[in-house]
Structures are given as structure tokens and as C-alpha cells.
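Using the sequences provided together with the hints, build the complete structure.
Line by line, the protein sequences are chains A and B.
Letter by letter, the first sequence follows residues 1 to 229 of our numbering.
Letter by letter, the second sequence follows residues 1 to 229 of our numbering.
Since the hints were made in silico from the structure, they are not lab data.
None of the values given here were measured: they were computed from a predicted structure.
There's no promise every hint is true.
[Unchecked claim] Here's a subset of chain B near chain A, in silico, CB distances under 8 Å, partners left out:
| # | residue |
| --- | --- |
| 1 | Thr123 |
| 2 | Gly159 |
| 3 | His161 |
| 4 | Ala198 |
| 5 | Arg200 |
| 6 | Val202 |
| 7 | Met204 |
| 8 | Pro207 |
| 9 | Leu208 |
| 10 | Leu212 |
| 11 | Val215 |
| 12 | Phe221 |
| 13 | Ile223 |
| 14 | Thr226 |
[What the hints assert, rightly or not] Short derived list, chain B residues pointing at chain A, Cβ under 8 Å:
| # | residue |
| --- | --- |
| 15 | Ala121 |
| 16 | Leu193 |
| 17 | Tyr205 |
| 18 | Thr211 |
| 19 | Asn222 |
| 20 | Pro227 |
Ideal Cβ placement from N, Cα and C applies to all residues, glycine included.
Read off the chains here:
Number of protein chains: 2
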Amino acid sequence: MKIAVLGTGMAGRGFADRLTELGHDVVIGTRDVQQTLARTEPDALGHPPYAVWQQTSPEVRLVPFPKAGAHAELIVNATAGASSLAALDATGAANLAGKVIVDIALPLDLSQGMPPTLTVANTDSLGEQIQRTFPAARVVKTLNTVFFEVMIEPKRVPGEHNIFLAGDDTDAKNTAKSLLHGFGWPMDAIIDLGGIRAARGVEMYMPLYFTLSAVLGTFHFNIAVTPRR
Amino acid sequence: MKIAVLGTGMAGRGFADRLTELGHDVVIGTRDVQQTLARTEPDALGHPPYAVWQQTSPEVRLVPFPKAGAHAELIVNATAGASSLAALDATGAANLAGKVIVDIALPLDLSQGMPPTLTVANTDSLGEQIQRTFPAARVVKTLNTVFFEVMIEPKRVPGEHNIFLAGDDTDAKNTAKSLLHGFGWPMDAIIDLGGIRAARGVEMYMPLYFTLSAVLGTFHFNIAVTPRR
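Structural data, given as C-alpha cells:
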């Protein structure tokens, strides 16, 4: 499938590599290609700059957001949550129309340190904002409840554990389920929470998630709903 | 131990019965004893009125909030979250000073139906509000992530699953852990999330919890953090 991953951070790169490995035709969308490639310093968390990663992932093309949107049959929103609406707007509403947006973004406010607060919560969610802003797109909120390495390779967490999805379009959710299954998620580990409003639940789980990661000392964990269905 | 349970709903009654069974000396606190006893109709969820339950639980004394506070060595806040601060205020700051408040309350706004939104979230929590309002009390937020029947009898959910606690006072958390262990929670199932700020995490899990309960068709479920520590 032709897939556009929006976002040049570790999550976007991880998705691009994994989707390429699974045989998809992948571009990464960014606001300014030259600016993204010009960075030479590691980011705040010590991750290498994009250009360094690009050398080991030559199949993935870096393109401006509108070109990514035009390329895509399916879009993965791997931007920082606070930038997601702007990135999708730059991608172009016409390019999003009718397409599945797999929204893995976290609406984090990191300005006060860890654990983060959310930029939107309780009576709204980023997933709902995206669906409302781009009504012709078919938004599926999923995967945001685990670290990106676990999203694309769930066996990094041993044992049985669950992943959630929420969206208003059943076909889009089935497409997302197939994608997740391709990553290694067992079909019966995927819990459909219903419409896009349930994005609130998985986004508001973030404070517990980040607190747990600090307590456990790892991001390689998840939760399992018990009893198993 | 002399325990005051604040709140006359199903959670409060369940705690009172279970704590009595475990050998504690239990009172239930309410705003107006005569009014609580005068109710003859089932509540909105079909639960019997307090006076009917009282007949099968004669050891539990129903007393006004201040008397409950004076009685207690430990307080369980099982009031509706939106009423918790008022109930604790009526119980009396002097009666709370130095004592452990096991706060199991959910700050739910049910005015728009299910799933509920929260009356406080993201940058604050009910647990923090209680600790801030009654600084001499020792608040432990715990148990709110499961149905009250599971809180007091965790084996209602088969298999291994976890429960969380958060609070600023280590001794108070140890007291709460003992209480939970008495209910049947294995010590290694209890995850200490740190200070009372982590109440945000367990309270903000509520939207996911209520959505999951609707999807699963039961309140007899929980989550297990995996891999097991």
C-alpha cells in the first residue's frame, strides 16, 4: 500500500522502516525537507538527526506534507500531538478525503516536565479534533497506549497484552486492524472501543502510562485486559 | 481498626460489610441520618434503599459525618467524587488530622450520560484536591480503577491483575497496602505510583475503564501490567 507517515521523529522513522519491511511503499512527510535534512545535532533525547537515520533507510523518501498526502492511500499521523492539526492541514484536506488516518499521536504538553499533561482532554480529544477538522477523512485512533517500538513490534513485550482502536468508520477500523496484525498484533488482542469519542479514553490513559513507565523503569510494557475475552 | 466509611451508596455499603467481616469496627458517615434512613425507593440503578441493606448489616452503625470522623482511626472516602470535599469538610478537618484517608472516589460528571467526563482532570485531581484541602490528613488514592465488588474481593476477576496507589505519606501507603492485602490483593499486585499527583493517572483512566466495561459487558474486569514485575 502507498503510505504516508507524517512526522520525522523516532515514531515516524520506526513506522517507516517497519512498513517498508512489510512491503509498503512509504514516504515520510515533513514541513520543510531541507530544514529536516539540515539538522546535524541529536534531539533532546539523544536520538540521531534525520539525515543520519536516512542513510540506513534509503527506500523511505522524505517529502513535503502536500506531496506525502498526494502519495498516500493511508496516512499515519506520527507527529507531536500539539502539531498534528497543522501538519494535517499542510498535508491538505483534499489529500485526506476518503483516506484512512491512523492517528497514533499523543496530545502532550511537556512544558512542565514529566509526567506530561495533555493539550486536550476530558470533553474532547485529539482524535476527535482531527475527525472534526477533516470530516471526509476516516480517522482511527490506535496504538498510542504503548511505546512506538511496541506499536510496530508487540512481541517486545512478552506475554499477552492488548491494544485499542476507536473510530467512526468500520471499514477504516478493519484496515487499521490489518495493519496492526501485520505488525504482529494478534487479532484477538485488538479491542475495538467504538466510535472516535473513545479516543478520549486512550489519550487520557497517558498520565497513568507515563507514571507507570517511570515506576517500571522501562517503556517496554503494556496492559492486558483480564479476564481475556 | 476503627474505620469510618463516608458514603451510603453501594461502594460504601460494600466496604462496610467487608471491613466488618475482616474484624474492623465500622461506621458509615452520612450528612443526615434520618434522611438516609427515610429513603424507601431503590436508587437510579435499582439498588435497594439504605434501610433495607441495614437490616442485613446490623453491626454497621450509620452516624453523621462529624461523629464518623471522631470515631475513625482510618477513613474510606466512598462518596461520589463531586460531593467528596463537602463530605470531608462536614467530617471535620480536626477529625481528619493525622489520619489516613483511603480515597476511592471517582470525580465523575454523569450529567451528559455515559461514558462520564470528569469534574477535575489533567492539571489536577480529586486526590490532590483532598490532600490540598486537608493538609494534615494523609491521603492515599487507590482502588478507583476497578468496580467496588472487585476492590473488596479481587478474586472476582480471575488471573493476575494489578491495583495502584498514590500518596505523599509512605506510612499511610503501607497502611493502605495492608488494607488491600486484607481484601485479598496479593502484595506484588499493588503498584505504588508515587506521590498524590499520580492520582491524576488513575482518575484519568476512568474514561477508558467505562468504555471497556461497555465493550466487555461487565464490570468484573481489570488490567494487568505486563510483563509482570
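We went through each hint and held it up to the structure:
The interface hint given for B:Thr123 is met, as the beta carbon of that residue sits about 5 Å from the closest beta carbon of chain A, less than 8 Å. With its C-beta approaching chain A no nearer than about 5 Å, B:Gly159 sits inside the 8 Å limit, and its interface hint holds. The closest approach between the C-beta of B:His161 and any C-beta of chain A is roughly 5 Å, which is under the 8 Å cut-off, so the hint is satisfied. Satisfaction of the interface hint for B:Ala198 is found here, the shortest Cβ-Cβ separation to chain A being roughly 5 Å, below the 8 Å cut-off.
For the restraint placing B:Arg200 at the interface with chain A, the shortest Cβ-Cβ distance is roughly 5 Å, inside the 8 Å limit, so the hint holds. Satisfaction of the interface hint for B:Val202 is found here, the shortest Cβ-Cβ separation to chain A being roughly 6 Å, below the 8 Å cut-off. Interface restraint check for B:Met204: the shortest CB-CB distance to chain A comes to about 4 Å, inside 8 Å, so the restraint holds. A hinted interface residue such as B:Pro207 counts as satisfied when its beta carbon comes closer than 8 Å to some beta carbon of chain A; here the least separation is about 4 Å, so the hint holds.
Annotation: B:Leu208 was flagged as interfacial toward chain A, and the flag holds, the nearest CB pair being 3 Å apart, inside 8 Å. Given hint, B:Leu212 at the interface with chain A, holds; its Cβ is 6 Å from that chain's nearest Cβ, closer than 8 Å. At about 6 Å, the closest approach between the beta carbon of B:Val215 and any beta carbon in chain A falls short of 8 Å, and the interface hint on this residue holds. With a least beta-carbon distance of about 6 Å to chain A, the hint placing B:Phe221 at the interface is held under the 8 Å criterion.
A least Cβ separation of about 4 Å between B:Ile223 and chain A falls short of the 8 Å threshold, and the interface hint therefore holds. Proximity of B:Thr226 to chain A holds as hinted, the smallest CB-CB distance being about 5 Å (cut-off 8 Å). Restraint check, B:Ala121 versus chain A: the minimum CB separation of about 5 Å is within 8 Å; hint holds. The beta carbon of B:Leu193 comes within 5 Å of a beta carbon in chain A, closer than 8 Å, and the hint placing it at the interface holds.
For B:Tyr205, the shortest C-beta to C-beta distance to chain A is roughly 5 Å, which falls under 8 Å, so the interface hint holds. The criterion of a C-beta within 8 Å of any C-beta in chain A is met by B:Thr211, whose closest approach is roughly 5 Å, and the hint holds. Hint on B:Asn222 holds. Least Cβ distance to chain A is approximately 6 Å, under the 8 Å limit. At its closest, the beta carbon of B:Pro227 sits 5 Å from a beta carbon of chain A; the interface hint therefore holds under the 8 Å criterion.
The structure agrees with every numbered hint stated previously.
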